[in-house]
Amino acid sequence: MNLEKGGQVKVDVRPARAADAVRLAELATELGYPASAEEMERRWSALSTRAEHAVFAAELGDRVEGFVHVERVHALTGAPHAEITALVVDAACRSRGLGRALLERAEAWAREQGLDRVALRSRSTRERAHAFYLRAGYAIEKRQLRFVRALGPRP
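The sequence shown begins at 1 in this note's numbering and counts up by one.
FYI, nobody ran anything at the bench for these hints, they're computed from the structure.
Only a predicted model underlies this, so the values are computations on that prediction, with no experimental measurement involved.
Do not take every clue at face value.
Simulated restraints on C-beta separations [to be verified]: (1) Arg-146 - Pro-15: 22 to 30 Å; (2) Ser-95 - Asp-12: 17 to 25 Å; (3) Thr-125 - Ser-95: 15 to 23 Å; (4) Ala-37 - Arg-146: 24 to 32 Å; (5) Arg-14 - Arg-135: 18 to 26 Å; (6) Gly-61 - Val-148: 36 to 44 Å; (7) Ala-75 - Arg-123: 21 to 29 Å; (8) Thr-85 - Arg-111: 37 to 45 Å.
Cβ coordinates follow ideal geometry from the N, Cα and C atoms, glycine included.
All chains, full assembly: derive it from the sequences and hints.
What follows is the structure, encoded as structure tokens:
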């Protein structure tokens with residue numbers, strides 16, 4: 001692991017690959033969204049060929065220690081924008097520049113897509129993450145509740 005000026009580690013951010021599925025599942029589970037390697041492989045297959053989605057992995061050495069998933073969103077209620085749907089860094093590697101590198105790569109992808117706005121959501125209890133996003137220049141737009149209903153099997 002190489003240290004850059006200021007004590008930050010040299011991070012390699014690259015497009016995630018199918019071979020990363022096991023590690024992505026571990027990190028998603030750490031974020032609070034449990035997934036098996038098989039589930040992650042299926043999800044990866046569904047997203048990997050869709051131009052409106054991108055997943056980037058942050059490596060230290062040869063190990064993936066974080067990832068970000070960003071997608072292009074179109075809605076009747078606003079202009080197209082990028083939405084970060086997941087950003088996680090292994091707990092043992094936090095505060096070393098990985099999250100910032102992932103965020104910057106997601107923002108660069110959004111610009112490449114011709115988008116001028118990035119949004120994300122963060123669980124209300126993740127105060128450390130909130131401070132990180134505020135330091136990175138994000139602003140709280142609104143507070144809201146998310147409602148979910150399981151539909152069950154098709155009739």
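> Which hints, by number, does the structure contradict?
Replying inline: Going through the list in order, the structure violates hint 8 alone and respects the others.
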